[in-house]
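Top to bottom, those sequences are chains A and B.
Residues in the first sequence are numbered from 1 upward in steps of one, following my numbering.
Residues in the second sequence are numbered from 1 upward in steps of one, following my numbering.
Because the hints were derived from the structure by calculation, they are not lab data.
Quick reminder that beta carbons are idealized off the backbone N, C-alpha and C, glycines included.
Heads up, none of these hints are tricks.
Cβ-to-Cβ under 7 Å is the rule here; a few derived chain A residues that face chain B:
1. ASP44
2. THR70
3. ILE74
4. SER76
5. ALA77
6. ALA213
7. SER223
With a straight-line cut-off of 25 Å between C-alpha atoms, the simulated BS3-like cross-links for lysine-lysine are:
8. B:LYS129 - B:LYS155
9. A:LYS232 - B:LYS173
10. B:LYS337 - A:LYS33
11. B:LYS30 - B:LYS7
12. B:LYS132 - B:LYS7
13. B:LYS173 - B:LYS187
Next come the chains, spelled out residue by residue.
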Amino acid sequence: MKILGIDGSGLVASVAIVEDDNLIGEYTTGYKKTHSQTLLPMLDELSKMIELDLNTVDAIAVSAGPGSFTGLRIASATAKGLGLTMGCPIVSVPTVDAIAFNMWGNSGIICPILDARRGQVYTGLYRFEADGTFTVIKEQCACDFHDIAEEINKLGEAVTFLGDGVPVFKDTIADIIKVDYRFAPAHLNRQHAASVATLGSIYYANGDCEPAADHRPEYLRLSQAERERMEKERLEKEGKA
Amino acid sequence: MNSKEIKILAIESSCDETAAAVVVNGRDVKSNVISTQIPLHTLYGGVVPEIASRKHIERINQVIEQALDDADMGLEDMDAIAVTYGPGLVGALLVGVAEAKAIAYASGLPLIGVHHIEGHISANYIENKELKPPFLCLVVSGGHTHLVRVADYGKYEILGRTRDDAAGEAFDKVARAIGLGYPGGPKIEKAAHEGNPNAISFTRPKVSDGVYDFSFSGLKSQVLNYINGAQMKGEPVNDADIAASFQQTVIDTLCEHAAMAIDEFKMDKFAIAGGVASNQTLRAAMEKMCQEKGVEFYHPSPILCTDNAAMIGAAGYYEYLAGRRDGWDLNAIPNLKLGER
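Assemble the whole structure, with the sequences as input and the hints as a guide.
Following this line, the structure appears as C-alpha cells:
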C-alpha cells in the first residue's frame, strides 16, 4: 500500500510517500514561499528522486485542517486534482492529530497548539498507550488557550507542547500550566507529511476515505462574514423575543 | 485535415463562478460548465471572498468532471490545461490554479496560465469565427473596465481603464442604494425599462489627464446625492427613473470613449466583453454607434459574457500556439496586469 501525504496547513509545506512500513521519501520546508510555489514543485522533485510512478499510489492523505484557510485549500485542491487524474481516493487526516503523531511513543500527554489568532488555538489532547495505540483524549478544536490549559491542569500529567503556537504562547504556558511540561525540538515540532501519510494509511486500511470530488477542508471555523451574519440574526431574534 | 486539433481543458475560479470547459482550437466549445454562487453571496449583498473560496473547493472536481463528460472526452484526449491565474480574488484563484497544476502534473500535460481579461476578450472568438485581430475591445464587468486595442493574438494595448470603480461595481452600488439588491447589473437593467433615461441629468464622468480612462465612483456619488437631496426635501424619488438615467449615463460614457478610440486608431472592428456586455441597452447603443461609423460590431452571447471557462480555453489556445508553458510554481496573481507578461 502506497500513500502520498500532503500538508499545507501552516507555514510548513510537506509531501511524503509512505509504502507499507517504509518512508520512501519526504520533502519538508518551513520557508516563507507560498504553498502555491512550493507544494507541487516539491512533489515533482521528490517523485523524480524516488522514481515514483504516480499510478502506483493507492490513496492521497491530506492534512485536512484546521489551519491557514488558504494553505488548507491549496493542499486540498492539489490532492483533489491529483485524485481526479489518478482516479484515487483521498484520506482526510485531522491536522492536529497528524502533528501529535510526530511524537509517537512519547510518554505523557501530547498537546499540539497551532496559532489561530485572536488568542485562540487549534489544539487537541493525545496519548500513546503502552502498546503504541494512539488515543485521542480531546478531539481537535478551536478554543481559547486558557480553556485547553485548564484541561491539561486537570489531567495532572506531564505534557509535551508542539506546533507553531508554541512561540506565541510560551510565556502564557509558563504562567498558567501547573503540570510538568516540555517543548518538542525542531525536527518534530511542526507538520510532517510522513505523519499524515502514516496516519492516513491506518485510516485507509480501515476503509476510511472519500472520493476526491467530495473532499473539502475542515476549517473548524466559519468565515467572518458568516459569523457576523449569524450574530446579527441572533441579536434580531433576541430583540423580537 | 492536415493540422492536428488542439483540445484544451480550461478552468476558471477567479470570483464567484466555478467553471470548466473543453475547447477545440480556441473557437469550438465542446462543453462549458458554470457553477454559480450568486444566490449564496446575495445574502451578503456582494461576493464574500472566503465563502467564494470555500465553495470553489467543494465544487471544482464535479465541475471539471462534468465538462469532460459533456464533451464526451477524457483527460487523455486533452493537449493542455489552461487556468485563470489573475486578476481576481486571490483565495478563489488559488483553488483553480492548484487544481489545474495538479491535473496537468499528474496527466503529463502542459500548463497554461491565462489572464482573466484576455479570456473575456477572447470570448468574442468563440461565436465570431471570422474575427481576427486587430480590433478594439471594451471590457466591462463587475471588477473591470478596460478599453483595449487587440493588436494581435496575445498582444494588448490598454488605451483606458477605470481609475476607481468598475462599471459593474457602480451598477451594484447604485442597485443597493435604491434597494434593488445584488447582483446590480441585471436588476438595474430591468428597472430601467420602466424608467425615463432622460429624467435626471447626471454628469458624464471625465478624467482630466487620461482621455480614455473612466471614473464611475463620482457618478455613483451623484446618484447617492440625488437620493439624499430628495429625501431631505421630502420629495419622492422614482427608482426606475434613477436606474434608467444612471444606466444611460454609463452607456453614453462608454460609447463616447469607444467612438473616440475607433476614430483615433482607425479601427474597423469593435467588440465588447465582460458581464456588463450582456446589458441589452448597452449592446444596442454600441451597435448603433458602430453602424453609424461603418464599423463591424462583435459581442459574445450572455452565457459567454459572464465568467466562464470556455473563454479561458479560447485565450489559452492562442497562448498555447505562442508557446507559453507555465511551471509547477505558477501562482495566483490577484492584480495581474493586462499585457505585462
